[in-house]
Amino acid sequence: MQVPKMSMKNIRLSIKSAIEQSLNYADPRLLHSRGIMGMNQRNVAYVARYNDRRCYPNVDNKLKTKELALEDGIAVPALIDTVIYQHDVNFVFETLDKHPSFCIKPANGSGGKGILVIVDTDQDGYRKASGEHVSKDYVIRHLSNTLAGLFSLGGVTDFAIIEELIEFDPIFEGLSHEGVPDIRIIVFKGYPVMAMARLATHASDGKANLHQGAVGVGIDIKTGFACAAVQHNQPITHHPDTQRSLENLSIGGWPDLLKLASSCYEMSGLGYLGVDLVLDKNRGPLVLELNARPGLSIQIANKRGLLPRLQQIESLQHRRPRTVEERINYVLNEFND
Amino acid sequence: MHNRTPFLVIIAGLLVLGFSNVYYRHVEVGIPLTPGERVDVWQIEAEISFDGNGGPATASLALPRSGQFELIEEFTASPAFGVNVIRDDTHAEALWSKREVAGPQTLYYQAAFTEKTSVDSGATPTRPEAREPLPEPYESSAQAILKGAYERSGNQRSLVAQILLTLSSEDQNAALLLSEFSRTEAFIYLMDIAKVSSKMARGLLLEDGRRNQRLVPLVKVYVDGKWDLKNIESGELDADKPILVWLEDRPSLLDVTGGENSRIRFSIGKRTSSALTQANRSGVGEKWDFGLYHLPITEQNLFKGILLIPIGALVVVFMRIIVGLRTSGTFMPILIATSFIQTELLNGLIGFISIVSIGLAIRSYLSKLNLLLVARISAGVMVVIGLIVLLTMIAFQLGISDTLKITFFPMIIMAWTIERMSILWEEEGSKEVFVQGFGSLFVAVLAYLCMDNDFIRHWAFNFLGVHAFIMAGVLAMGQYTGYRLSELKRFRPLADQH
Chain A
1 MQVPKMSMKN IRLSIKSAIE QSLNYADPRL LHSRGIMGMN QRNVAYVARY NDRRCYPNVD
61 NKLKTKELAL EDGIAVPALI DTVIYQHDVN FVFETLDKHP SFCIKPANGS GGKGILVIVD
121 TDQDGYRKAS GEHVSKDYVI RHLSNTLAGL FSLGGVTDFA IIEELIEFDP IFEGLSHEGV
181 PDIRIIVFKG YPVMAMARLA THASDGKANL HQGAVGVGID IKTGFACAAV QHNQPITHHP
241 DTQRSLENLS IGGWPDLLKL ASSCYEMSGL GYLGVDLVLD KNRGPLVLEL NARPGLSIQI
301 ANKRGLLPRL QQIESLQHRR PRTVEERINY VLNEFND
Chain B
338 MHNRTPFLVI IAGLLVLGFS NVYYRHVEVG IPLTPGERVD VWQIEAEISF DGNGGPATAS
398 LALPRSGQFE LIEEFTASPA FGVNVIRDDT HAEALWSKRE VAGPQTLYYQ AAFTEKTSVD
458 SGATPTRPEA REPLPEPYES SAQAILKGAY ERSGNQRSLV AQILLTLSSE DQNAALLLSE
518 FSRTEAFIYL MDIAKVSSKM ARGLLLEDGR RNQRLVPLVK VYVDGKWDLK NIESGELDAD
578 KPILVWLEDR PSLLDVTGGE NSRIRFSIGK RTSSALTQAN RSGVGEKWDF GLYHLPITEQ
638 NLFKGILLIP IGALVVVFMR IIVGLRTSGT FMPILIATSF IQTELLNGLI GFISIVSIGL
698 AIRSYLSKLN LLLVARISAG VMVVIGLIVL LTMIAFQLGI SDTLKITFFP MIIMAWTIER
758 MSILWEEEGS KEVFVQGFGS LFVAVLAYLC MDNDFIRHWA FNFLGVHAFI MAGVLAMGQY
818 TGYRLSELKR FRPLADQH
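Here the protein sequences line up with chains A and B, keeping their order. FYI, in our numbering the residues of the first sequence are 1 to 337. FYI, in our numbering the residues of the second sequence are 338 to 835.
None of these hints come from the bench; they were simulated from the model. For each residue, glycine too, the CB sits at the ideal point set by N, CA and C. Check before you lean on any hint, since a few could be wrong.
What the hints assert, rightly or not - So, partial list: chain B residues that the calculated Cβ filter (under 8 Å) puts toward chain A:
#, residue
1, I658
2, T818
3, R821
In isolation and in its complexed conformation, chain A is listed as follows:
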């Protein structure tokens, strides 16, 4: 009778693969060799080290971000009005009457919570993105809730900012379901290192958060072409709701987006930064939001780790701070694939 030889190594390998298969865990050494960054490393080695606490309000408070951006000549969605006191809520409609479409956001909101988008005003009232009409009372209540801090982190009282509505660039036509398509670029010490487009789906309920089922499309940092797409951590080639191909997505004027993202470094003072951009049909790329703790899903969408590029940037030793153009040139020429 032939007994299969079970060397210690074989046993170990088979146990290991059994564990990996049943629990679906990746080998940490493999992840490490691919330069995948984990949450702990992001927090200790990048967010805590490169992001000065004092600069956090620059990005957490959307109104402050907007003021800083305007100072620095960075394109942002135009501000229509702000509502700071409950008393002002009724007067804001004088301004709103001049704007058929607008967007209300909490200044210190998080995760897209509390954003009311009105695409048109007609005799039935205010029309939301979904086509549903809401009354003036609904808008008043939404503003009151925003001021009370319902949508804000920690529940502190907040204020509302009212922005002009963005008209999405037709390149995202059919690629985002009931929601805002945006482009997230990780900017490290002013160098854009990785990018992805986030497309809302039916599963994500119109939100652009990857863990809620939005589609993440990795965008090649040098060309602006789509390089990979994932939903629920699984590779996909077509948008699940509209069936449009994601592989041919390419973002025109890519170097302009890179410059815009890169200039947010000087503006915010944060070394490790997530810049969320939108493409307006008329105005081109606009900075929508900045994030001092950008998530790690971008690695999954790009199918590559952040660490090699972060370490490449860390190894640069320039005595003179580089300009935005110099940084973009570095990114376009020195990053390898």
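For chain A, the structure is supplied; the task is to place chain B on it using the hints.
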């Protein structure tokens, strides 16, 4: 990488601090390492009796010096005598005195001893001085015994053993020597001429329930760097019967002046006692022993609870940084775990889940009322209190009095938990609520299991150094930059490609 040295120094410092504290508490103070550990306590009573001559009398009783046993408590009972217990570097004795003593007298000395965990090796001896030779023919027989033993042995230890063997054999020289001297005296003399340090001692064989005991003559021999105790008269020592060495370096046990017919009898009793109680009782004299037992009981009980929180924090840090479990509220699980300690696990779980789920249902109605945040949370607190009152009343009617303890739940925390979960529900959907809710509950149960463990409670309260270890662990995990266990799953697609 920036300089990690200060960080590593702090970690090392904390470990040293923790270890030295544990060492001190265990070895010096005698706090047992496990909570249930019991020790034997020997209670010894010396009864001294003599007849007074009618004049002033003093009685001095030599007391045992610290050796293998530790004195826990002692007291004397003696009618109308002045008593002095003297202990200094060279001697220890109890001294009774009275101006006029006539007729039979009885004095008592009682003491309780425990066996020490660490044994002092005792002073290193000076080399034995040269002794006057014994008168013949004894000197030649002694020399002959030594010569024979020397030839049959290889080292000091076997030489001592051979001499002992010869003394208890039918050897002619030994018989001659023992006809004049006691076995102990003969042995001591042989040790001296063999240049082995030895001394006479007298001790008490400890056995439970014995009365009218006397001290037995013993010999201490210094072999291989430590003192060996030997009972020469009866041969080898019985390992089960510990010996309390009462007297050494001093010839007399009891000196009575102004009296006659003095005699002393010992009785011995044994009881077992919690090692912890004994350690704390014996440490009462020392003001600063890094223990909390000097505090009033109320404060002690308070600290018994507070000192468990670092354990819970350690569990939370581990589960969040290493495992990557999502919880609702960073330290909420610890607070829930502390209330589980009061309620018992099952009651606690049922109470917690029912209060939170009913609370969530009520909160979903409150959110329709468009309340401002502070008012909403306050309403939440009242809802929680109402639920606790209701559940307690129902449980009381049903005769389940254990549930009454759900009043221990931290109400503000429960209200915040409900608030947070309901916002989470609206923002991220029900799935995230269940992930975080059960994540929190899992961490809370784990923290509870760690905190409710007798062993861990014992260590957290009695060895404050443990908290330095925990601090070191938390700091070390704070610098952990590796992957979380959950990330191995999350980034799985990245490991699969090519």
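| request: Verify the interface restraint on I658 (chain B): the C-beta must sit less than 8 Å from at least one C-beta of chain A. | output: holds, 6 Å
| Hint check: 8 Å Cβ-Cβ cutoff, T818 (chain B) to chain A | Holds, because the Cβ-Cβ distance from T818 (chain B) to chain A comes to roughly 4 Å (cut-off 8 Å).
| query | Hint check: is the beta carbon of R821 (chain B) less than 8 Å from a beta carbon of chain A? | reply | Because about 6 Å separates R821 (chain B) from the closest Cβ in chain A, which is inside the 8 Å limit, the hint holds.
Consistency note: the structure conflicts with none of the earlier hints.
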